[in-house]
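Numbering-wise (full-length UniProt numbering), the sequence shown opens with residue 1 and increments by one.
The set of hints was computed from the structure by calculation and includes no laboratory data.
Backbone N, C-alpha and C define an ideal beta-carbon position, used for all residues, glycine too.
Take these hints with a grain of salt, some might be off.
[Unchecked claim] List of simulated lysine-lysine pairs, BS3-like, C-alpha gap at most 27 Å:
{"#": "1", "residue 1": "Lys7", "residue 2": "Lys36"}
{"#": "2", "residue 1": "Lys7", "residue 2": "Lys56"}
{"#": "3", "residue 1": "Lys105", "residue 2": "Lys24"}
{"#": "4", "residue 1": "Lys117", "residue 2": "Lys74"}
{"#": "5", "residue 1": "Lys94", "residue 2": "Lys56"}
{"#": "6", "residue 1": "Lys11", "residue 2": "Lys56"}
{"#": "7", "residue 1": "Lys116", "residue 2": "Lys105"}
{"#": "8", "residue 1": "Lys94", "residue 2": "Lys116"}
{"#": "9", "residue 1": "Lys36", "residue 2": "Lys191"}
{"#": "10", "residue 1": "Lys191", "residue 2": "Lys74"}
{"#": "11", "residue 1": "Lys116", "residue 2": "Lys74"}
{"#": "12", "residue 1": "Lys74", "residue 2": "Lys99"}
{"#": "13", "residue 1": "Lys74", "residue 2": "Lys24"}
{"#": "14", "residue 1": "Lys117", "residue 2": "Lys56"}
{"#": "15", "residue 1": "Lys191", "residue 2": "Lys24"}
{"#": "16", "residue 1": "Lys94", "residue 2": "Lys117"}
{"#": "17", "residue 1": "Lys7", "residue 2": "Lys74"}
{"#": "18", "residue 1": "Lys56", "residue 2": "Lys24"}
{"#": "19", "residue 1": "Lys209", "residue 2": "Lys74"}
[Stated by the list, open to error] What follows is a set of in silico ranges between Cβ atoms, one per label pair, in the way DEER data are often shown:
{"#": "20", "residue 1": "Tyr158", "residue 2": "His58", "range": "23 to 33 Å"}
{"#": "21", "residue 1": "Ile83", "residue 2": "Thr206", "range": "42 to 52 Å"}
{"#": "22", "residue 1": "Gly118", "residue 2": "Leu182", "range": "41 to 51 Å"}
{"#": "23", "residue 1": "Ser92", "residue 2": "Phe28", "range": "26 to 36 Å"}
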Amino acid sequence: MVEITLKLTRKWSSVATVAADQSKSLVFDVHEEIAKLTLDIVTSCVFGTEIMSDEKMHEIVYRTITESLELMGKRLFNIADIIPIINRLPLSSKRRIDKCISEGKQLIRQIVDNRKKGLTKSACSDLLDLLIAASDEDKASKFTDEEVYEEALTFDFYRRVEAEVALVLNDDEEITSSTLPLLSYTEVVLKEALRIHQPVPAIVRTATKDNTLVGSA
1 MVEITLKLTR KWSSVATVAA DQSKSLVFDV HEEIAKLTLD IVTSCVFGTE
51 IMSDEKMHEI VYRTITESLE LMGKRLFNIA DIIPIINRLP LSSKRRIDKC
101 ISEGKQLIRQ IVDNRKKGLT KSACSDLLDL LIAASDEDKA SKFTDEEVYE
151 EALTFDFYRR VEAEVALVLN DDEEITSSTL PLLSYTEVVL KEALRIHQPV
201 PAIVRTATKD NTLVGSA
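Please model the complete structure; the sequences and the hints are all you need to start from.
Okay, structure coming up:
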C-alpha cells in the first residue's frame with residue numbers, strides 16, 4: 001500500500017517539476033488519480049503485486065470496474081432502468097455492463113487458476129494465497145475455484161467491529177459519551193458505509209469548484 005502510494009506521489013512530483021521548469025500550469029484530475037490508486041491498492045492486496053506489472057491485466061481491471069460503475073450510475077437517473085421488468089431487458093447500457101462484468105470475472109478466474117498452477121507467485125502472502133490454502137477444520141476439503149472467486153471479492157470487517165465493541169462495552173452496557181471515542185474502528189466503518197451508501201440515494205458529494213494546492217491548480 002505504501003509503495004503504491006509513494007509511486008503515485010513520485011509521479012506527481014516528477015510531472016510537477018517538469019511543468020515548473022517549463023513555467024506551465026499543471027492540472028490533475030484528482031478523482032481519476034485517486035480512483036486508480038484505490039483500485040491498485042485493493043487489487044494488489046487481494047491478488048498480489050504481480051498483477052500491477054502486467055499492463056494488460058491492469059488495464060482490464062481498471063477499465064471494467066470504472067466503466068461498469070459509470071454506466072450503473074447513469075442508469076440510476078433513467079426511470080426506465082429502475083422498473084423491474086424493463087431493467088432486465090438487453091438494452092445498450094445493460095449489455096455494456098454485462099460485458100464488463102463478464103470480462104472481469106474471466107480475468108479473476110484466470111488469476112486464480114494461474115496461482116493454483118504455480119504460474120504466478122506473490123512477493124508476500126496475499127489474500128488469494130490464504131483463500132487457496134484455506135480448508136475445513138478436518139483439512140479434508142478446500143475452497144473450490146468458484147468459492148475462491150466469490151470470497152476474493154468480499155471484504156467483511158464485522159469481526160473487527162464486533163471485537164472492538166465487546167472490548168469497550170462490557171456486559172452489553174450502553175454507549176455513552178465517554179465510551180464512544182473508544183470505538184474508533186467502528187466509527188471508520190460507519191463513515192465508510194455512509195460514504196458508499198449515501199443517506200440520499202443517487203446523490204453523491206461533488207466538488208463545486210477547483211482547488212489550488214501550493215500555487216498550482
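Going down the list of hints, with the structure as the test:
1. Taking the CA atoms of Lys7 and Lys36, the gap is about 12 Å. The hint holds against a cut of 27 Å.
2. The suggested pairing of Lys7 with Lys56 holds, with an alpha-carbon distance near 19 Å, which does not exceed 27 Å.
3. Straight-line distance between C-alpha atoms of Lys105 and Lys24 comes to about 43 Å, which puts the hinted pair past the 27 Å bound.
4. Taking the CA atoms of Lys117 and Lys74, the gap is about 40 Å. The hint is violated against a cut of 27 Å.
5. A threshold of 27 Å between alpha carbons decides the hint, and for Lys94 with Lys56 the separation of about 25 Å falls inside it, so the pair holds.
6. Of the supplied pair hints, the one linking Lys11 and Lys56 holds, its CA atoms being roughly 20 Å apart against a limit of 27 Å.
7. For the hint linking Lys116 to Lys105, the alpha-carbon distance of about 17 Å falls within 27 Å, and the restraint holds.
8. Using a Cα cut-off of 27 Å, the hinted pair Lys94 and Lys116 is violated, with the two alpha carbons roughly 33 Å apart.
9. Taken as a hint, the Lys36 and Lys191 pair is honoured in the structure, with Cα atoms around 21 Å apart against an allowance of 27 Å.
10. Distance hint between Lys191 and Lys74 is fulfilled; the C-alpha atoms sit about 25 Å from each other, no more than 27 Å.
11. The suggested pairing of Lys116 with Lys74 is violated, with an alpha-carbon distance near 38 Å, which exceeds 27 Å.
12. Distance check on the hinted pair: Lys74 and Lys99 sit about 16 Å apart at the alpha-carbon level, within 27 Å; holds.
13. As the CA atoms of Lys74 and Lys24 are separated by approximately 35 Å, the hinted pair breaks the 27 Å bound.
14. For the given pair, Lys117 sits about 20 Å from Lys56 by alpha-carbon distance, which is consistent with the 27 Å threshold.
15. Taking the CA atoms of Lys191 and Lys24, the gap is near 38 Å; set against the 27 Å cutoff, the hint is violated.
16. Between the alpha carbons of Lys94 and Lys117 the distance comes to roughly 35 Å, so the proposed pair goes past 27 Å and is violated.
17. Proposed proximity of Lys7 and Lys74 is contradicted: the alpha carbons are some 32 Å apart, above 27 Å.
18. The suggested pairing of Lys56 with Lys24 is violated, with an alpha-carbon distance near 32 Å, which exceeds 27 Å.
19. Restraint check: the Cα-Cα separation between Lys209 and Lys74 comes to about 22 Å, which is no more than 27 Å; the hinted pair holds.
20. Checked against the hint of 23 to 33 Å, the C-beta distance between Tyr158 and His58 comes to roughly 31 Å, which is consistent with it.
21. Between Ile83 and Thr206 the CB atoms are about 27 Å apart, so this pair departs from the stated range of 42 to 52 Å.
22. Look at Gly118 against Leu182: about 45 Å separates their beta carbons, and that is inside 41 to 51 Å.
23. Against the hinted window of 26 to 36 Å, the Cβ-Cβ separation of Ser92 and Phe28 comes to about 32 Å, which satisfies the hint.
When each numbered hint is compared with the structure, violations occur for hints 3, 4, 8, 11, 13, 15, 16, 17, 18, 21.
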